[in-house]
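So the chains spell out like this:
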Amino acid sequence: MAASAGIRAGRTASRRAAAGVSSPWVLRGASILFVLGLWEWGASVSVNAAFPTCSDTLAAFGEMLVDGTFAEAYAETAGPLIVGVLLTAAGGVLAGLVMGLSSRAEWLGLPVFIVLQASPSAAIVPLITFVYGIGFTAKVFAVVLLSAPVIVLNSYRGIANTPRSLLEMSNAFLASRWQRIWKVVIPAGSGMIFAGLRLGLAQGFTGAVLAELIITPTGVGDLITFYRSTAEYPQMFAAILSIILVASISVTLLQNLERRLFRPELRPA
Amino acid sequence: MTDSAGITSEPGVGAPVENGRDPAVRIVDLVKEFPGGVRALGGLTFDVPKGELTSIIGPSGCGKTTTLKIVAGLADATSGRVEVGGAPVTGPGPDRAFVFQDFALLPWATVLRNVAFGLELRGLPKKEREETARAYVDKVGLSGFEDSYPHQLSGGMRQRVGLARALAVDADILLMDEPFASVDEQIRRQFQDDLLRLLSDERKTVIFVTHSIEEAVYVSDQVVILTRGPSRVSKVVRPGVDRSGGSDEIRRDPAYLDWVEQIWHELRDYLER
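From first to last, the protein sequence lines are chains C and S. Sequential numbering from 1488 applies to the first sequence in this note's numbering. Sequential numbering from 16 applies to the second sequence in this note's numbering.
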């Protein structure tokens, strides 16, 4: 992994030198601008009223941000999302750890999560209402249902693939069982574990919004449903855009947290 | 066999292993069978004298590394025994430190933390263990790189970190598994000299696995030659190369070249059989 990071760094450096671009942010910004430009152009040549232009959407976005529509909606969505993601993160990483460390737990647990990952979760979400009604619990459950498989399976893979030589080294230098898990196994697997958490968080957003669209219209899901019914498409798209934005920001924050905690060598200097 | 008979009786070079002390490590009739009935070690017996460097050399697949890992307590023997300081080995211990062929450094830890890792696992306070680690980083010639990460170092430098980590725990016995195998030739030679210099200060017993005959003769007091399938001790020799001159002198020394040639013949006899 270190080697590929080195190659990546080298490549970025040479590309930078060639293009005379001073910072990767310029390229990232350009990539976003490109997509937004494509959107603006696509919507302006389209005759469909349900496809607003980028500028209309951004205007609606600004309005909703200022008048507190977003704040209100996210305050509502955040509850089940945070509870669900925290539950899954704690339980999922733990389950992955146990499965990665014990072959019995692996045989017992792995099939469940593989099946769960392959199953069409969106189709199961409506069924939740039969069991948990339409309240908070049902929405938390929807978040857990969508985010659990990827978190558990990634943690499991990260733990089970700890380099043998590092295990042998910790053994030779007399690590206790807990020292080995805490100082070697978890940091070695942290890349996979956090990749799972990031994907799980993104899935959790999907679960939360799905629950709000399918179970009961509240929060951001309600915004989408409401603006669709009143045919205010820029507002509806702005709501969707806000989900993408919030999800990407949280995922990036999580990535920074990982580097700070476990992988200082990957932190940009 | 006339060749090999000549090795031990070479006048003025080889001397029998008698320094009147108990060996640091005694390996008796060591057998290792892998699941499926593959016999890797077919009854090895040899002694490792205290305070000396013993190389294990032999064709690849002859069980050199397996032997070393059993001595380290990282692998179990099928039968036979390994004694360290008179006591049988049942697992890893504080009296032995291992230098790994693939370095086995923590990629997320700085050089300093990697070197201090053995002490960290023993629960030494941070300040104390870093002080010791700094001293060894300096000794292996890496001062200035304390805060670097392994991926920023060359292969040779990484193995220096591995060596410093093993020295830092102050074990009596150093087990080195082809430590220079993934280091290029120029650096390898310099590393061999540095190793000898370090060891002369430290008075350690070293078991050194290598597949390079030149390296074995250059660094060792005693060379254990293994044969393959299943592996046995073919011969134990004591080159006793005169190290008073410089590195270049030794490599041109006829006695040194003789030993290289004779060990090569010994190994080749078995390969051809």
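To be clear, the hints were calculated from the coordinates, so they are not data collected in a lab. Fair warning: there could be bad hints in the mix.
[As the list claims (entries may be wrong)] Straight-line alpha carbon distances no greater than 25 Å define the calculated DMTMM-like cross-link-like pairs of lysine to aspartate or glutamate that follow:
no.	chain 1	residue 1	chain 2	residue 2
1	C	1670	S	143
2	S	141	C	1593
3	S	65	S	48
4	S	141	S	187
5	S	65	S	44
6	C	1670	S	117
7	S	65	S	216
8	C	1670	S	229
9	S	141	S	200
10	C	1670	C	1554
11	C	1670	S	162
12	C	1670	S	216
13	S	141	S	161
14	C	1670	S	146
15	C	1670	S	44
16	C	1670	C	1745
17	S	65	S	110
18	S	141	C	1752
19	S	141	C	1745
20	S	142	C	1752
21	C	1670	C	1593
22	S	154	S	91
23	C	1670	C	1655
24	C	1670	S	161
Keep in mind the model is a prediction, meaning the values are calculated, not measured.
Here is how each hint holds up against the structure:
1. Restraint check: the Cα-Cα separation between residue 1670 of chain C and residue 143 of chain S comes to about 19 Å, which is no more than 25 Å; the hinted pair holds.
2. Simply put, residue 141 of chain S and residue 1593 of chain C have alpha-carbon atoms about 36 Å apart, too far for the 25 Å limit, and the pair is violated.
3. For the hint pairing residue 65 of chain S with residue 48 of chain S, the CA-to-CA distance comes to about 29 Å; that exceeds 25 Å, so the pair is violated.
4. Distance check on the hinted pair: residue 141 of chain S and residue 187 of chain S sit about 23 Å apart at the alpha-carbon level, within 25 Å; holds.
5. Taking the CA atoms of residue 65 of chain S and residue 44 of chain S, the gap is about 20 Å. The hint holds against a cut of 25 Å.
6. Between the alpha carbons of residue 1670 of chain C and residue 117 of chain S the distance comes to roughly 19 Å, so the proposed pair stays at or under 25 Å and holds.
7. For the proposed pair residue 65 of chain S and residue 216 of chain S, the alpha carbon gap of about 15 Å is at most 25 Å, so the pair holds.
8. Distance hint between residue 1670 of chain C and residue 229 of chain S is unfulfilled; the C-alpha atoms sit about 39 Å from each other, more than 25 Å.
9. For the hint pairing residue 141 of chain S with residue 200 of chain S, the CA-to-CA distance comes to about 37 Å; that exceeds 25 Å, so the pair is violated.
10. Between residue 1670 of chain C and residue 1554 of chain C the alpha-carbon distance is near 48 Å, which puts this suggested pair outside the 25 Å criterion.
11. A threshold of 25 Å between alpha carbons decides the hint, and for residue 1670 of chain C with residue 162 of chain S the separation of about 18 Å falls inside it, so the pair holds.
12. As the CA atoms of residue 1670 of chain C and residue 216 of chain S are separated by approximately 32 Å, the hinted pair breaks the 25 Å bound.
13. As the CA atoms of residue 141 of chain S and residue 161 of chain S are separated by approximately 15 Å, the hinted pair is consistent with the 25 Å bound.
14. A threshold of 25 Å between alpha carbons decides the hint, and for residue 1670 of chain C with residue 146 of chain S the separation of about 21 Å falls inside it, so the pair holds.
15. About 37 Å separates the Cα atoms of residue 1670 of chain C and residue 44 of chain S, which puts this hinted pair outside 25 Å; it is violated.
16. For the suggested pair residue 1670 of chain C and residue 1745 of chain C, the alpha carbons sit about 15 Å apart, so the restraint of at most 25 Å is met.
17. Under the criterion of a C-alpha separation no larger than 25 Å, the hint pairing residue 65 of chain S with residue 110 of chain S is consistent with the structure, at around 13 Å.
18. With a CA separation close to 20 Å, the supplied pair residue 141 of chain S and residue 1752 of chain C stays within the 25 Å bound.
19. At roughly 23 Å between alpha-carbon atoms, residue 141 of chain S and residue 1745 of chain C fall within 25 Å of each other, so this suggested pair holds.
20. Distance check on the hinted pair: residue 142 of chain S and residue 1752 of chain C sit about 22 Å apart at the alpha-carbon level, within 25 Å; holds.
21. At roughly 22 Å between alpha-carbon atoms, residue 1670 of chain C and residue 1593 of chain C fall within 25 Å of each other, so this suggested pair holds.
22. For a cut-off of 25 Å, the pair hint linking residue 154 of chain S to residue 91 of chain S is broken: about 34 Å separates their Cα positions.
23. For the hint linking residue 1670 of chain C to residue 1655 of chain C, the alpha-carbon distance of about 13 Å falls within 25 Å, and the restraint holds.
24. Taking the CA atoms of residue 1670 of chain C and residue 161 of chain S, the gap is about 19 Å. The hint holds against a cut of 25 Å.
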